[in-house]
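Asker: Order-wise, the sequence lines are chains R and U. Take the first sequence: its position 192, counted from the start at 1, is 192 in the numbering used here, and no numbers get skipped. Take the second sequence: its position 188, counted from the start at 1, is 188 in the numbering used here, and no numbers get skipped.
For the record, the hints were derived by calculation from the structure and aren't laboratory data. Among these hints, one or two may not hold up.
In silico DSSO-like links for lysine-lysine, alpha-carbon gap of 30 angstroms or less [what the hints assert, rightly or not]:
(1) R:LYS67 <-> R:LYS291
(2) R:LYS227 <-> R:LYS285
(3) R:LYS285 <-> R:LYS233
(4) R:LYS116 <-> R:LYS57
(5) U:LYS143 <-> R:LYS195
(6) U:LYS178 <-> R:LYS116
(7) R:LYS12 <-> U:LYS178
(8) R:LYS55 <-> U:LYS178
(9) R:LYS116 <-> R:LYS60
(10) R:LYS60 <-> R:LYS38
Quick list of simulated restraints, FRET-style, between CB atoms [unchecked claim]:
(11) R:PHE162 <-> U:ILE159: 15 to 21 angstroms
(12) R:THR276 <-> U:LEU156: 45 to 51 angstroms
(13) U:ASN142 <-> R:ALA221: 37 to 43 angstroms
(14) R:ARG150 <-> U:LEU107: 55 to 61 angstroms
(15) U:GLY134 <-> R:ARG123: 27 to 33 angstroms
(16) U:LEU156 <-> R:ASP21: 40 to 46 angstroms
(17) R:ASP21 <-> U:HIS174: 40 to 46 angstroms
Note that CB positions come from ideal geometry on N, CA and C, so glycine has one too.
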Amino acid sequence: MKHYEVEILDAKTREKLCFLDKVEPQATIAEIKNLFTKTHPQWYPARQSLRLDPKGKSLKDEDVLQKLPVGTTATLYFRDLGAQISWVTVFLTEYAGPLFIYLLFYFRVPFIYGHKYDFTSSRHTVVHLACICHSFHYIKRLLETLFVHRFSHGTMPLRNIFKNCTYYWGFAAWMAYYINHPLYTPPTYGAQQVKLALAIFVICQLGNFSIHMALRDLRPAGSKTRKIPYPTKNPFTWLFLLVSCPNYTYEVGSWIGFAIMTQCLPVALFSLVGFTQMTIWAKGKHRSYLKEFRDYPPLRMPIIPFLL
Amino acid sequence: WNPSFSPVHPFTVLPKHSWLPQYRFTFSTSCQQANTQKLTHRICVSLWAPTHVVPHPCISYSSVQSEDSVLLFVIAWTITEIIRYSFYTFSLLNHLPYLIKWARYTLFIVLYPMGVSGELLTIYAALPFVRQAGLYSISLPNKYNFSFDYYAFLILIMISYIPIFPQLYFHMIHQRRKILSHTEEHKKFE
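All chains, full assembly: derive it from the sequences and hints.
Answerer: Below you can see the structure in the form of structure tokens.
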């Protein structure tokens, strides 16, 4: 069996960083990354990007050396992706924040509102309902992160945690401040408005959860396979007929429901910003699906049926 | 004293997108000449290349308009913009006189601090009026469950100059070193 030799060069400076000889032909990129870490321990595998061309796409961890278009002496180019943090850590941190922060405002912890309001409780039912919905939403997200989602990538750049937490925690505080304010004004159309909005919220939360479960079932544990998602017996998943990312559709719907229920402008703004970001992600996902699968259902739009 | 904005000055509604780093893109909106006969409030929101949102409460209280600080930034930014747009125009025509390039990358050393000082002093001068009139502010309770304190917002804007301006200024200095020395080398080989 012929062994391969692998040399790893810096993609920017072309400096020779590492030379590996006697590499098995069936070695995967993941194994090569581990070998590279031995000579350069500060570059753990998650922050390595190895590619065949300095400006090309990153090779995947599962790619096998033998199957790559290289001779028996392979030249790989290395780029440092920067400090990495796991997706799970980021998700748990960014979701735990809003859960906790909202409750600080709900219980009217001192120094937020005037001292005469410390630890008082709102007399409006909708305020208590809003706390339940908001808390439920983030508890659901935390549990999904721990038990449902199957992530394609293990890590993301470290700076993302600061950016993401600022967004989630900041908006949570801003919304919670007004909803739990002693001068909060309940919805104009009263109980009718609250009931309708609550129904929208609950339906969309169930929908969102159904989609997450359906996506999880597409992919066996520990794998990174990608398949076209299809509707299942669960009626909430029938939105897949019209949309590539119904999880985002339902998510926007939940927040619109919450905004109507609380009749609070900051909530509406949060929904708008979230919708913008999710639309960008949905369009990207939709494009990847179209590129990867010839037989992708043509009726589907990225996030809003028939429109967007 | 009534500042009349020069017609040459590009105080027009133009979204100008700079090729420079994202925090340096600009628009300028029309800051219409505040007519002292009409008692109307105007906000000149100029997002200046390379800076940031600077609300100028050009309230038609003539005392704010006649602040020297307004004159300061108007002059600084007028000169800056004239040079900058000439630079872009000549670049597009592929005939950029060295003088324009030099001016763009040198005069900012004085003009940027002038302009920023003018803006900051203007905002500071306007603060009492904003507080008194409750300008652009909304307080609780209201049916949108929202509040906004323009006075506090302006204070935050002023504070934001502290991290943003040095970054911008030193970026321009760095660009100057890169671009003007590059030209020097080219000239040597001609």
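Asker: Now, for every hint given, state plainly whether the structure supports it.
Answerer: Now for the hints, and whether the structure bears them out:
no.: 1; hint: R:LYS67 <-> R:LYS291; verdict: holds (22 angstroms)
no.: 2; hint: R:LYS227 <-> R:LYS285; verdict: holds (12 angstroms)
no.: 3; hint: R:LYS285 <-> R:LYS233; verdict: holds (24 angstroms)
no.: 4; hint: R:LYS116 <-> R:LYS57; verdict: violated (60 angstroms)
no.: 5; hint: U:LYS143 <-> R:LYS195; verdict: holds (18 angstroms)
no.: 6; hint: U:LYS178 <-> R:LYS116; verdict: violated (60 angstroms)
no.: 7; hint: R:LYS12 <-> U:LYS178; verdict: holds (20 angstroms)
no.: 8; hint: R:LYS55 <-> U:LYS178; verdict: holds (25 angstroms)
no.: 9; hint: R:LYS116 <-> R:LYS60; verdict: violated (59 angstroms)
no.: 10; hint: R:LYS60 <-> R:LYS38; verdict: holds (20 angstroms)
no.: 11; hint: R:PHE162 <-> U:ILE159: 15 to 21 angstroms; verdict: holds (20 angstroms)
no.: 12; hint: R:THR276 <-> U:LEU156: 45 to 51 angstroms; verdict: violated (24 angstroms)
no.: 13; hint: U:ASN142 <-> R:ALA221: 37 to 43 angstroms; verdict: violated (51 angstroms)
no.: 14; hint: R:ARG150 <-> U:LEU107: 55 to 61 angstroms; verdict: holds (58 angstroms)
no.: 15; hint: U:GLY134 <-> R:ARG123: 27 to 33 angstroms; verdict: holds (29 angstroms)
no.: 16; hint: U:LEU156 <-> R:ASP21: 40 to 46 angstroms; verdict: violated (60 angstroms)
no.: 17; hint: R:ASP21 <-> U:HIS174: 40 to 46 angstroms; verdict: holds (44 angstroms)
Checked against the numbered hints listed earlier, the structure breaks hints 4, 6, 9, 12, 13 and 16; every other hint is satisfied.
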